[in-house]
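Undergrad: Sequence:
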Amino acid sequence: MRLAVGCAMWAHTPWQGRFLPHPLGPDERLRAYASWCNAVEGNTTFYATPDARTVASWARQTGEDFGFLLKLPRTVTHERRLAGGEAELRAFLDAIDPLGPRVAALWVQLPGSFGPGDLPALAAFLRTLPRTHRVAVEVRHPAFFTQERAARLLEGVLRGARAEWVPFDTTVLFAERPVTDAEREAWTRKPRLPRRTRALTDRPFVRYIGRDDAERTAEGWRPWIEVFRTWLREGRSPTMFIHTPDNADALALARRFHDEVRAGLPELEPLPEPMPAAPPTLF
-14 MRLAVGCAMW
-4 AHTPWQGRFL
6 PHPLGPDERL
16 RAYASWCNAV
26 EGNTTFYATP
36 DARTVASWAR
46 QTGEDFGFLL
56 KLPRTVTHER
66 RLAGGEAELR
76 AFLDAIDPLG
86 PRVAALWVQL
96 PGSFGPGDLP
106 ALAAFLRTLP
116 RTHRVAVEVR
126 HPAFFTQERA
136 ARLLEGVLRG
146 ARAEWVPFDT
156 TVLFAERPVT
166 DAEREAWTRK
176 PRLPRRTRAL
186 TDRPFVRYIG
196 RDDAERTAEG
206 WRPWIEVFRT
216 WLREGRSPTM
226 FIHTPDNADA
236 LALARRFHDE
246 VRAGLPELEP
256 LPEPMPAAPP
266 TLF
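-14 is the number of the first residue of the sequence shown in my numbering; add one for each residue after it.
One should not assume that every hint holds.
Computed cross-link-like contacts, SDA-like style, restricted to lysine to any residue with a CA-CA straight-line distance of at most 25 Å [stated by the list, open to error]:
1) K175 - G205
2) K175 - R218
3) K175 - F159
4) K175 - E200
5) K175 - T117
6) K175 - L185
7) K175 - F31
Listed next, with one range per pair, are the computed distances between beta-carbon atoms [said to hold, decoys possible]:
8) P261 - M(-14): 19 to 29 Å
9) T165 - G102: 37 to 47 Å
10) R137 - R38: 42 to 52 Å
11) S222 - E140: 16 to 26 Å
Everything labelled a hint here was simulated from the structure, so no lab data went into it. Positions of the beta carbon are idealized from the N, C-alpha and C atoms, including for glycine.
All chains should be modelled from the sequences, with the hints used to inform the complete structure.
TA: And the structure:
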């Protein structure tokens, strides 16, 4: 049994000195984060393909059992809409190759305008991806969540490519009016879609965003606890990424989610103790 948990980033100012040691150099921050979580979203790769030195640093700071869910460049997914971005895709795949097994999956996040009529483009694109990598697809068009036929067609495309459907659970975020500035901003930027809990492969990925209130966030993920236990009992190896609008407590919340799943599955190995934020004192 293996449950991976992570956040949307590995360096965040509110974590410094609270969860992670401070100061830390660029070649130390991921290592400190990896002592807390065993996975991370690679959102920065959406905006720019990392250079060789950066990728080598990522590999050096993590073990082979650490997982990166790496987002494909926006040139490929949003600007070219999966057609005509071969050079950019090849450059991206070449860049991340040194990570080896650390690449948990290639993350194909599609724009909200990418709907059922675009599924042939998705099917054709998925056939071009190397079978050496797992693939995880995130869609945001409402039809895939509200129309049974559209959902069934998408699942058929994904199953044909042995790809996973990545849900982004925002139901708790939108359940009540925003309270903080970060929540208000999230209301304008995050997709408002129904919760989806079906896995297509043995490696499901879930993205969950709660509130800036840690307890409200933990209360909102309750439906996922039993879903993850079921997946683990079925022999799947799921990953949960915990977000909050300000992400101030996300690092601790990710470990809390792991602990709560494990409370009903004692055979699940606990996460290692994290690196202390400050050196021990004599008093």
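Undergrad: Next, verify each hint and record whether it holds.
TA: Going through the hints against the structure:
Note on K175 and G205: the hinted pairing holds, with a Cα-Cα distance of about 17 Å set against a maximum of 25 Å. About 32 Å separates the Cα atoms of K175 and R218, which puts this hinted pair outside 25 Å; it is violated. Distance check on the hinted pair: K175 and F159 sit about 9 Å apart at the alpha-carbon level, within 25 Å; holds. Of the supplied pair hints, the one linking K175 and E200 holds, its CA atoms being roughly 21 Å apart against a limit of 25 Å.
Restraint check for K175 and T117: not satisfied, since their Cα atoms lie roughly 31 Å apart, outside the 25 Å limit. Annotation: proposed proximity of K175 to L185 holds, straight-line Cα distance about 24 Å (limit 25 Å). Proposed proximity of K175 and F31 is supported: the alpha carbons are some 16 Å apart, at most 25 Å. In this structure the supplied range 19 to 29 Å holds for P261 paired with M(-14), their Cβ-Cβ distance being about 27 Å.
At roughly 38 Å, the beta carbons of T165 and G102 sit within the given window of 37 to 47 Å. The hinted range of 42 to 52 Å is satisfied by R137 and R38, whose Cβ atoms lie roughly 45 Å apart. For S222 paired with E140, a C-beta distance near 20 Å keeps the hint of 16 to 26 Å intact.
Going through the hint list in order, the structure does not satisfy hints 2, 5.
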